[in-house]
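Asks: Sequence:
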Amino acid sequence: MNAVSISKQSGGTMASAAAARRSAQRRKRSVFLGRAALFVLVVGGWQLTTALGILDPFFFGSPSGIVMRLWDWIQHGTAYGSLWEQIWVTLEESLLGFAAGVSSGVVFGVLLGESPYLAEVIGPYIKIVNALPRIVLGSVLVMWLGLGMPSKVVLAAILVFFVVFFNAFQGVRSVDRNLVANSRILGASRLQIVWHVIFPSAMTWIIASLHVALGFSIIGAIVGEFLGAQRGLGLVIATAQNTFDANGVFGAMLIIGIVALSAEALMAVLEKSLLSWQPPASHDSDVRGI
Numbered sequence: 116m117n118a119v120s121i122s123k124q125s126g127g128t129m130a131s132a133a134a135a136r137r138s139a140q141r142r143k144r145s146v147f148l149g150r151a152a153l154f155v156l157v158v159g160g161w162q163l164t165t166a167l168g169i170l171d172p173f174f175f176g177s178p179s180g181i182v183m184r185l186w187d188w189i190q191h192g193t194a195y196g197s198l199w200e201q202i203w204v205t206l207e208e209s210l211l212g213f214a215a216g217v218s219s220g221v222v223f224g225v226l227l228g229e230s231p232y233l234a235e236v237i238g239p240y241i242k243i244v245n246a247l248p249r250i251v252l253g254s255v256l257v258m259w260l261g262l263g264m265p266s267k268v269v270l271a272a273i274l275v276f277f278v279v280f281f282n283a284f285q286g287v288r289s290v291d292r293n294l295v296a297n298s299r300i301l302g303a304s305r306l307q308i309v310w311h312v313i314f315p316s317a318m319t320w321i322i323a324s325l326h327v328a329l330g331f332s333i334i335g336a337i338v339g340e341f342l343g344a345q346r347g348l349g350l351v352i353a354t355a356q357n358t359f360d361a362n363g364v365f366g367a368m369l370i371i372g373i374v375a376l377s378a379e380a381l382m383a384v385l386e387k388s389l390l391s392w393q394p395p396a397s398h399d400s401d402v403r404g405i
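Plus 115 on top of the position in the sequence shown (first one is 1) and you've got the numbering used here.
For the record, the hints were derived by calculation from the structure and aren't laboratory data. Where a beta carbon is used, it is the ideal one built from N, C-alpha and C, also for glycine. Heads up, a few of these hints could be off.
Said to hold, decoys possible - Here are the in silico distance ranges between beta carbons for each label pair:
no.	residue 1	residue 2	range
1	Phe175	Ala375	38 to 48 Å
2	Arg292	Ile189	49 to 59 Å
3	Gln190	Pro231	37 to 47 Å
4	Ala214	Arg142	30 to 40 Å
5	Arg288	Ile169	51 to 61 Å
6	Phe173	Val384	34 to 44 Å
Using the sequences plus the hints, can you model the full thing?
Replies: Given below as structure tokens:
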């Protein structure tokens, strides 16, 4: 009787698992079809309205014009060299700014989160700098560091820093103080508590900020190039804008979007590896799957 009961329970579990897989597959198909329908609706409607003259393609561009502009860049390059070179320059600036901003944001966030005195002393100055318009900071950095890569990297790092810093700071402040007290009772040093208790506990907050910070690093690089640069996608957009090349502006924006989505996919993989020790429900969400 027990064997029969166990067999029934096992069969029911397998059936429910199979039903859950089918439901997940149906949802994936539904999401894919919805995205495809939205793409066709937006792009097709855009192309139709420009073809009928409802929208002026000179100012609004058109999907076919964007494709032709991108193909021309691929074949003949941009005014500043190969298209791939412009993409790589912007990507390199973004990645360097991302790395610098994340590392400094985590260090200062944990440091100020653990030291109320430093938080009270430095906090107002951090808020003042964070309130400054980014385009003003970009202009100042271009004057200080020139049109080369350093000004773009620093601007991207500044944008990333504040996103990561505030999340790391809040994550440290949200750590269960009972865990800290128990670690001290067991004889852990201050550094051991930070490394083995506080930092892992705040990791969810930090990882959550990286998704936003990644986009900010790309924005910082693009804005810096737009203000003044020798190469990069931001310079390509600025040139297209100055020559009233709407297709060029949208084409460069499309490239930026593809780069951002690719980087976001890599970030999702990194997040899963860093938070693999946590239950899936604690750090996965439907929003991350978008």
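Asks: State for each hint whether it applies.
Replies: Hint check results:
1. Phe175 to Ala375: 38 to 48 Å: violated, 23 Å
2. Arg292 to Ile189: 49 to 59 Å: holds, 57 Å
3. Gln190 to Pro231: 37 to 47 Å: violated, 60 Å
4. Ala214 to Arg142: 30 to 40 Å: Since Ala214 and Arg142 have Cβ atoms about 36 Å apart, the given range 30 to 40 Å holds.
5. Arg288 to Ile169: 51 to 61 Å: holds, 54 Å
6. Phe173 to Val384: 34 to 44 Å: holds, 42 Å
Against the hints set out earlier in the document, violations occur for numbers 1 and 3.
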